[in-house]
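Asks: Taking the hints into account, I'd like the entire structure generated from these sequences.
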Amino acid sequence: MGIQDRLIEDVGLRRGVEKLTPEKIEKTVNAVIQGETGARLKAYAETCMRCGMCAEACHFALSHPGDPSYTPAGKVHATMGVLLKTGGRVSPEDIYAMAQLAYTECNLCRRCVHYCPIGIDTAYIMSMVRRICHKLGVTPQYLQDTAHSHSATVNQMWVKDDEWTDTLMWQEDEARDEFPGLRIPLDKEGADIYYSVIAPEPKFRTQLIYQAAAIFHMAGLDWTMPSEPGWDNSDMCMYSGDFEMMGRIKRAHFESAQKLKVKRIVMGECGHAFRSVYDNGNRWVGWKWHPVPVVHSIEFFWELMRDGKIKLAKKYPGPVTVHDPCNVIRGRGLHEKLRELVRFLVEDGIVETASNREHNFCCAAGGGVINTGPPFKNVRVAGSKCKAEELKATGVKTIIAPCHNCHGGLEDTVHSYKLGMEIKFLGDIIYECMERPEA
Amino acid sequence: MNAAYEFVTGPLAWAAWGIFLLGSAWRLVSMYQLAKKKDASSIAFMDWGFSLRSIVNWLIPFNALGWRKNPAMTVATFAFHICLILTPIFLMAHVALWEEFFGVSYVSLPDGVADAMTLVVVAVCLFFAGRRFMQPEVRFITTGQDWLALVIVLAPFLTGFLAYHQVLDYEVMVIAHIVAGEIMLAAIPFTRLSHMVFSAFTRAYMGSEFGGVRHARDW
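If you read the protein sequences in the order shown, they are chains V and G.
Numbering-wise (this note's numbering), the first sequence opens with residue 1 and increments by one.
Numbering-wise (this note's numbering), the second sequence opens with residue 1 and increments by one.
No lab work stands behind these hints, which were simulated from the structure alone.
Some clues are possibly wrong.
Computed beta-carbon distance windows for the label pairs [claimed, not checked]:
1. G:33 to V:303: 27 to 37 Å
2. G:68 to V:279: 33 to 43 Å
3. V:174 to G:37: 35 to 45 Å
Each computed DSS-like pair below joins lysine-lysine, with the alpha-carbon atoms no more than 25 Å apart [said to hold, decoys possible]:
4. V:263 to V:315
5. V:160 to V:27
6. V:311 to V:288
7. V:315 to V:203
8. V:288 to G:36
9. V:188 to V:85
10. V:24 to G:69
11. V:203 to V:188
12. V:385 to G:69
13. G:38 to V:24
14. V:288 to G:38
15. V:309 to V:337
16. V:85 to G:38
17. V:188 to V:160
18. V:314 to G:36
19. V:314 to V:397
20. V:19 to V:188
21. V:135 to G:37
22. V:392 to G:69
23. V:27 to G:37
24. V:135 to G:38
25. V:160 to V:203
26. V:42 to V:19
27. V:418 to V:337
28. G:38 to V:263
29. V:309 to V:392
30. V:288 to V:315
31. G:38 to V:27
32. V:314 to V:337
33. V:385 to V:397
34. V:315 to V:397
35. V:288 to G:69
36. V:135 to V:188
37. V:85 to V:160
38. G:37 to V:85
39. V:309 to V:188
For every residue, glycine included, the Cβ atom is placed at its ideal position computed from N, Cα and C.
Replies: Put into structure tokens, the structure is as follows:
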């Protein structure tokens, strides 16, 4: 029982550890612990009473009953616990195991926060383990590829500069069939709204850009998208442990918005990007709050509903269930707005999963886990068993999940556990149900 | 035996209290210095209101999700900490000592109640120990430090109970009890028992982040 018994071959992890020596590991571990951590880690390591109450919190633990190596405290014990106890004197093979655990068996979802009387932030500890692994060059290949893309292109998916504007113009062109006056205004100075998306949208979910443009158009909003790098709000470097790059891409994002003198940034339906822009990246760059106000789509659509700017031609057939993405619910408290909006959009309301709102189970794909790619797909699908059971118990056919990563994860969960459910973005529902011009 | 008693209630007691109070103060101050130096992006978000909100919500039994999902631990933990703190402070024999040494007097617990509370502490210690042996998720993460903390806490209550009921040699047991209590006090700043010093702050920090930044409950 333990991570050593379930190691999976990954070329990134393998090549990384092949270059390691015990001396290099010790030096790097201590450089991070002494240089980058402080009272938080020290207090957490010392005051964790090893009570095991957090075992009940984690979807990985609940999906592997009886195996303590999946519990939050168990995962800390096997990674940071060992590094602190040994002063970094561990073998390259140990680092392989720790990296696999930290990158693929913890979604940094923070559900365990609700279980720890002392208030230990396991996600922080695990992200510091990832930080050490990154500095050692031991990162899963697929995740590292996205981090490389961030470094080279300032977006996550190797989207070239001309492809980006081309994609926007293509979507504008397509949409003008349906909405004759529609524009996707590029680089409009002083716009009310700067709309930013994650790079997977232009890469393979372009209909989301189409739908957003349709919604902005029908609501009659003053908005823009930037034509130059900085448009991508996503951030896999935050999850790989490459905090320097996290800072660089967040700075690029904010500066892109500042250059256009927009009133605020509205972000697409993404969870991790919101965490990076709203909570992590800004701090790394040294901003306590945001140099430009930041609003997630849930809140933005909720405002449109409140102000009567979304006019529905019909309601979406329900009932539906709602999946609460960690990074905008536990990370921003948008759960009630999400529900008000969903009740406005669908017939027959919401059937809640047993764990909901701040207490929701993670999709098991977040925290960069889905980005570790095919080698680790079965790890996260196995870890979402308890989520699948809760979804099944709702008896509904539709899951509304306002987050890309959650979509990716839930699609695999729905498929693997044969739940027969469809998964929708808020934008999908609004687009489908809103009033449109007579074509 | 008298000399030993004089020693453990005199110099040793002063030393134990000194280590406890000064040690705790030193740990707190040095931790704060470290936080100021290294955790500025965390300290910036500390907030009194949200700190208290979090602490209060976690002090209500079965209020936090974690308490609700671990009912046995909730009952045990609350009973344990209440008895652990109140019994030594309000035990009649201890109050009498305060009066004898310093002339301060305050209310005390009836002996029968204090006796029962002592047994609660001992029983919960056994429950905690049982969990460390039997429950896989607890056994997996248990270290020597955790056993040490448990033994340090159990010892003064067990010896106190035995001394009060004069089960074994009373004088020996009383001295053992006093020494055990002094070890516990002195160990607080330097063992896992330091959660007594730090947990209010870790809780407050989590409450501040969830209240001020994340606008969500952390319980």
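Asks: For every hint, state whether the structure bears it out.
Replies: We went through each hint and held it up to the structure:
Hint check: residue 33 of chain G to residue 303 of chain V, Cβ distance near 44 Å, so the stated range 27 to 37 Å is violated. At about 27 Å, the beta-carbon gap between residue 68 of chain G and residue 279 of chain V misses the expected band of 33 to 43 Å. The hinted range of 35 to 45 Å is not satisfied by residue 174 of chain V and residue 37 of chain G, whose Cβ atoms lie roughly 55 Å apart. Only pairs whose Cα atoms come within 25 Å are accepted, and residue 263 of chain V paired with residue 315 of chain V is rejected, the gap being roughly 32 Å.
Under the criterion of a C-alpha separation no larger than 25 Å, the hint pairing residue 160 of chain V with residue 27 of chain V is inconsistent with the structure, at around 38 Å. Only pairs whose Cα atoms come within 25 Å are accepted, and residue 311 of chain V paired with residue 288 of chain V is rejected, the gap being roughly 37 Å. Pair hint residue 315 of chain V plus residue 203 of chain V does not hold up; C-alpha atoms about 30 Å apart against a cutoff of 25 Å. Simply put, residue 288 of chain V and residue 36 of chain G have alpha-carbon atoms about 15 Å apart, close enough for the 25 Å limit, and the pair holds.
Distance restraint check for residue 188 of chain V and residue 85 of chain V: the Cα-Cα separation of roughly 55 Å exceeds the 25 Å cut-off, and the hinted pair is therefore not satisfied. Our distance criterion of 25 Å between C-alpha atoms is broken by residue 24 of chain V and residue 69 of chain G, whose separation comes to about 43 Å. Distance check on the hinted pair: residue 203 of chain V and residue 188 of chain V sit about 23 Å apart at the alpha-carbon level, within 25 Å; holds. Distance hint between residue 385 of chain V and residue 69 of chain G is fulfilled; the C-alpha atoms sit about 19 Å from each other, no more than 25 Å.
Simply put, residue 38 of chain G and residue 24 of chain V have alpha-carbon atoms about 24 Å apart, close enough for the 25 Å limit, and the pair holds. Straight-line distance between C-alpha atoms of residue 288 of chain V and residue 38 of chain G comes to about 15 Å, which keeps the hinted pair within the 25 Å bound. Restraint check for residue 309 of chain V and residue 337 of chain V: satisfied, since their Cα atoms lie roughly 16 Å apart, inside the 25 Å limit. Taking the CA atoms of residue 85 of chain V and residue 38 of chain G, the gap is about 21 Å. The hint holds against a cut of 25 Å.
For the given pair, residue 188 of chain V sits about 21 Å from residue 160 of chain V by alpha-carbon distance, which is consistent with the 25 Å threshold. About 55 Å separates the Cα atoms of residue 314 of chain V and residue 36 of chain G, which puts this hinted pair outside 25 Å; it is violated. Simply put, residue 314 of chain V and residue 397 of chain V have alpha-carbon atoms about 18 Å apart, close enough for the 25 Å limit, and the pair holds. With a CA separation close to 48 Å, the supplied pair residue 19 of chain V and residue 188 of chain V exceeds the 25 Å bound.
For the proposed pair residue 135 of chain V and residue 37 of chain G, the alpha carbon gap of about 22 Å is at most 25 Å, so the pair holds. Of the pairs offered as hints, the one joining residue 392 of chain V and residue 69 of chain G holds, with about 21 Å between alpha carbons and a cut-off of 25 Å not exceeded. At most 25 Å may separate the alpha-carbon atoms for a hinted pair to count; residue 27 of chain V and residue 37 of chain G meet this at roughly 22 Å. Only pairs whose Cα atoms come within 25 Å are accepted, and residue 135 of chain V paired with residue 38 of chain G is accepted, the gap being roughly 19 Å.
Taken as a hint, the residue 160 of chain V and residue 203 of chain V pair is honoured in the structure, with Cα atoms around 10 Å apart against an allowance of 25 Å. For the given pair, residue 42 of chain V sits about 30 Å from residue 19 of chain V by alpha-carbon distance, which is inconsistent with the 25 Å threshold. Straight-line distance between C-alpha atoms of residue 418 of chain V and residue 337 of chain V comes to about 30 Å, which puts the hinted pair past the 25 Å bound. At roughly 34 Å between alpha-carbon atoms, residue 38 of chain G and residue 263 of chain V are farther apart than 25 Å, so this suggested pair is violated.
At most 25 Å may separate the alpha-carbon atoms for a hinted pair to count; residue 309 of chain V and residue 392 of chain V exceed this at roughly 34 Å. A hinted pair counts as satisfied when its Cα atoms are at most 25 Å apart, and residue 288 of chain V with residue 315 of chain V does not qualify at roughly 41 Å. Taking the CA atoms of residue 38 of chain G and residue 27 of chain V, the gap is near 19 Å; set against the 25 Å cutoff, the hint holds. At most 25 Å may separate the alpha-carbon atoms for a hinted pair to count; residue 314 of chain V and residue 337 of chain V meet this at roughly 20 Å.
At roughly 18 Å between alpha-carbon atoms, residue 385 of chain V and residue 397 of chain V fall within 25 Å of each other, so this suggested pair holds. For the suggested pair residue 315 of chain V and residue 397 of chain V, the alpha carbons sit about 15 Å apart, so the restraint of at most 25 Å is met. Of the supplied pair hints, the one linking residue 288 of chain V and residue 69 of chain G is violated, its CA atoms being roughly 35 Å apart against a limit of 25 Å. Taking the CA atoms of residue 135 of chain V and residue 188 of chain V, the gap is about 40 Å. The hint is violated against a cut of 25 Å.
At most 25 Å may separate the alpha-carbon atoms for a hinted pair to count; residue 85 of chain V and residue 160 of chain V exceed this at roughly 46 Å. A distance of roughly 23 Å separates the Cα atoms of residue 37 of chain G and residue 85 of chain V; the hinted pair therefore holds under the 25 Å criterion. For the proposed pair residue 309 of chain V and residue 188 of chain V, the alpha carbon gap of about 22 Å is at most 25 Å, so the pair holds.
In the structure shown, a violation is registered for the earlier hints numbered 1, 2, 3, 4, 5, 6, 7, 9, 10, 18, 20, 26, 27, 28, 29, 30, 35, 36 and 37, in ascending order.
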